[in-house]
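J.: Position in the sequence shown (from 1) plus 5 gives the number in this note's numbering.
Check the hints yourself; a few may be wrong.
As the list claims (entries may be wrong) - Taking CB as the label site, the calculated pair distances span:
#1 W53 - T107: 17 to 27 Å
#2 W41 - S64: 22 to 32 Å
#3 A160 - S56: 51 to 61 Å
#4 G205 - S56: 43 to 53 Å
These are computed hints drawn from the structure, not numbers from a lab.
Note that beta-carbon positions come from the ideal geometry of N, C-alpha and C, so glycine has one too.
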Amino acid sequence: MTRRPSPSHPEAGWLDEAGRRIRDISQPLRDRLPVWPGDTPFDLERTWVLSDGCPVNVSRLTLSTHSGAHADAPLHFDAAGAAIADVDLVPYLGPAQLLSVTSGADRIATDEVTPYLKPGVRRVLLRTFQTFPHDEWPTRFRTPSPALMDALGAAGVRLIGIDGPSLDPEDAKDLVSHQVLGQWGMAVLEGLVFDGITDGLYELIAPPLRITGADASPVRALLRDL
6 MTRRPSPSHP EAGWLDEAGR RIRDISQPLR DRLPVWPGDT PFDLERTWVL SDGCPVNVSR
66 LTLSTHSGAH ADAPLHFDAA GAAIADVDLV PYLGPAQLLS VTSGADRIAT DEVTPYLKPG
126 VRRVLLRTFQ TFPHDEWPTR FRTPSPALMD ALGAAGVRLI GIDGPSLDPE DAKDLVSHQV
186 LGQWGMAVLE GLVFDGITDG LYELIAPPLR ITGADASPVR ALLRDL
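Modelling step: build the complete structure from the supplied sequences, incorporating the hints.
T.: Here you go:
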C-alpha cells in the first residue's frame, strides 16, 4: 500500500494498489486522550531506550479497553457474554453505509435512519458530530434509541458504528440500547471519527485485538472506497 497524499494532510488517507482511497476513522491514542469520566487515562512509557547500550526502543502502554475507537464485547454489558477475543470478526469487515444524524433529540429515532438505508446493508455507521471533539469529553452526545436498535436488528444489520462514546447516554444505568444490541447478536464500534468523509457506502475494516478475557478492544478503523 503506497501513501499518496501529503503528510501535512493525513485526513486525505492513502491509495491502495487499485487506486481506492483508504481513510482512517480512528482516534489517535495519545496523552490527554479524553476518556469516559473515571476511566483509565492513556499513558505510554518508554521502558527501553535506543542508545549505545540498547539496540531498540520498547514501550509500556496503560489504557482502558474503551480508549479511542473501540469495539465492545458482549462481556461489557452481559456477565455471561463473550469476551472480545471470542467474537465473530465478520461484522467488522465488509460493506458499510455512513449516514449523518447530527441534529435532533438526544436519542436517534428510527425514522432518522431506516428510510435512508440501502437495500441489504449489514453495517451502519452513524455520524452524530458535525466536527469530532478530539480534545474534550463531550458532555452531551446523541445515541441510538432502543427502538432504532431493534429495527436495525430486525433488518439484518450485523454491526452499528457511531462517533459518540457509547450507544447509551452517559448517565444510563440499564444500557437498554446495548442490551438490544446483544439480543440481536450485533457488533458495535464506538468513538469513530468521520470528519471530512461524505455519507455513502464504503468497505469497513475494523477488527478488534485478540485480548483474552477482555470486555472491549481499541481498533484501527478504516474505510475504503468501494
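J.: Taking the hints in turn, state whether each one holds.
T.: Structure-based check of all given hints:
1. A hinted range of 17 to 27 Å for the beta carbons of W53 and T107 is inconsistent with their spacing of about 45 Å.
2. Roughly 23 Å separates the CB atoms of W41 and S64, a value that falls within the hinted 22 to 32 Å.
3. For the pair A160 and S56, the supplied restraint of 51 to 61 Å holds, since their beta-carbon distance comes to about 57 Å.
4. The supplied range of 43 to 53 Å is met by G205 and S56, whose beta-carbon atoms lie about 49 Å from each other.
The structure fails hint 1 only (numbered hints given earlier).
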